[in-house]
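Q: For the protein sequence lines, the chains are A and B, in the order given. 32 is the number that numbering that gives the first Met the number 0 gives to position 33 of the first sequence; each next residue is one higher, with no gaps. 213 is the number that numbering that gives the first Met the number 0 gives to position 214 of the second sequence; each next residue is one higher, with no gaps.
One or more hints might be untrue.
Unchecked claim - Think about it this way: if two alpha-carbon atoms lie no more than 20 Å apart in a straight line, the pair counts; the simulated DMTMM-like pairs of lysine to aspartate or glutamate are:
| no. | chain 1 | residue 1 | chain 2 | residue 2 |
| --- | --- | --- | --- | --- |
| 1 | B | Lys-144 | B | Asp-132 |
| 2 | B | Lys-56 | A | Glu-176 |
| 3 | A | Lys-32 | B | Asp-132 |
| 4 | B | Lys-32 | A | Glu-176 |
| 5 | B | Lys-144 | A | Asp-28 |
What the hints assert, rightly or not - Covered stretches of chain A (in silico footprint by chain B; criterion: 3 or more residues with CB under 8 Å from a CB of chain B, positions within the stretch not fixed):
| no. | segment |
| --- | --- |
| 6 | 12 to 23 |
| 7 | 64 to 72 |
Stated by the list, open to error - Here are the simulated distance ranges between beta carbons:
| no. | chain 1 | residue 1 | chain 2 | residue 2 | range |
| --- | --- | --- | --- | --- | --- |
| 8 | A | Pro-196 | B | Arg-201 | 35 to 43 Å |
| 9 | B | Ala-133 | A | Lys-69 | 44 to 52 Å |
| 10 | A | Asp-140 | B | Arg-36 | 24 to 32 Å |
I should point out that these hints are in silico values taken from the structure, not numbers from a laboratory. Ideal Cβ positions, reconstructed from N, Cα and C, are used throughout, including at glycine.
There are 2 protein chains.
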Amino acid sequence: MATPPGPDPEDLTARARIRDAALRHFGDDGFEKATIRGIARTAGVSPGLVRHHFGSKQALREACDEHLMKMIRRLNDQVRADTTLSDVSYVGAARAAMAPYQLYLARSLADGSAASIFDEMTRICEEWIAGADAGRPDPPDVPAKIRAAVFTAMALGIPVLAPHISRAMGVDMFSPEGDLLLSRALVDLYSHPLMTPEDAARARAGLDRLAGARPPGRRTEENSP
Amino acid sequence: MATPPGPDPEDLTARARIRDAALRHFGDDGFEKATIRGIARTAGVSPGLVRHHFGSKQALREACDEHLMKMIRRLNDQVRADTTLSDVSYVGAARAAMAPYQLYLARSLADGSAASIFDEMTRICEEWIAGADAGRPDPPDVPAKIRAAVFTAMALGIPVLAPHISRAMGVDMFSPEGDLLLSRALVDLYSHPLMTPEDAARARAGLDRLAGARPPGRRTEENSP
DNA sequence: ACGAAGGCTATACACATGTATAGCCTGCTG
DNA sequence: CAGCAGGCTATACATGTGTATAGCCTTCGT
């Protein structure tokens, strides 16, 4: 635990307070609805200071993205550097450190920005998938990077659509109980393939047929639901 | 093919044109950034007429939600009513009918609204899951509804994060080629369980231990990415 | 043919917000 | 002590937007 997730140097400064307030406002209200005045109010500074430090609202957002990215990379490096990968307390600490930024991350991803963050996550996921491909009988017919991107999108769909999941579960997804329920649901889903090998073969055949049949035109197999 | 997906009665009217334009603007730019003036321009009417027909921007949005919901239900009913469920042309037609609304749906879901649409999809998915539960040796330890909600969120993560997936793939996700690639990636992911039964059992044990150990407090097992 | 009803437009208003500018105050440096 | 650099504030400005109002024009019933 070299750098316990928490106050960096450079924290406590007004600039950092503004950035944190922006992270929260952007996360709670979205970039458009959030106002510089509101952010300044939360940070305990004047609206003018926000401009003084960041130049514009868009630049403030980019500073937030950069900060988040730095934090994600640091957490990933920490977990990766640790030889005892299964140490739950570390994962817990990492998740706790991420908690305040999840809302921002979700919104940021949803509106198409935060591209570098998504790409970084895809990269991490790709390494993981590439490892799994090694011990696998059938050769995948889709590049690992693409499968990684699709799975990353699906995984991120959970925090992005958190309000809906929480509503369905009856408890806040981010509460301890909700988190437990969600984890159990995921374990169940992850450990049961949704398609049998026969289904998959049939689907692949159908896709091949479509690919050869009609280069231009709308296709027809299941995927988006 | 009783009602070929396309022009309802009541279409071609200015009201319908405004609604369609709003669907597109909300989808392309988001609810906040979209403007009544821009919507009116696209619909070929004056901004005042929008208010005349819908009263307010928020009411216009609700009308869009209602329309989308009606369309989803109709499509679901059609597919369900058709005895030849595997008829690809039908699924294709359904997807083609949904295409113009996917962007709107994605944004609408992402900002927490469109709750009834998510719930409806969860309900549909739940029926599907309940059917799969029947022929399954191990009893699930999480209610079907919750698993359905989680899976729905993951599935919807794909259209919601479409720009990122398209970027990773190198082709537009909604183009024929991109669609094919995405379908293949999904078939591969769906037909390979991400956890072995042993992994699952170990994870469940860990979750049980956590559940009993610390009722309050942050938990620690894998789930969010 | 006449008149009213309603789809439809043009204009104006109120307001919130991002942005720019001028200046204050504190702390450091020579 | 003088002065000055930079964090910080207060105020003003320009603009885009949702909303409200008054009136035109087409259509349809009588």
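Q: Which of the listed hints are broken here?
A: Violated hints: 2, 3, 4, 5, 6, 7, 8, 10; rest satisfied.
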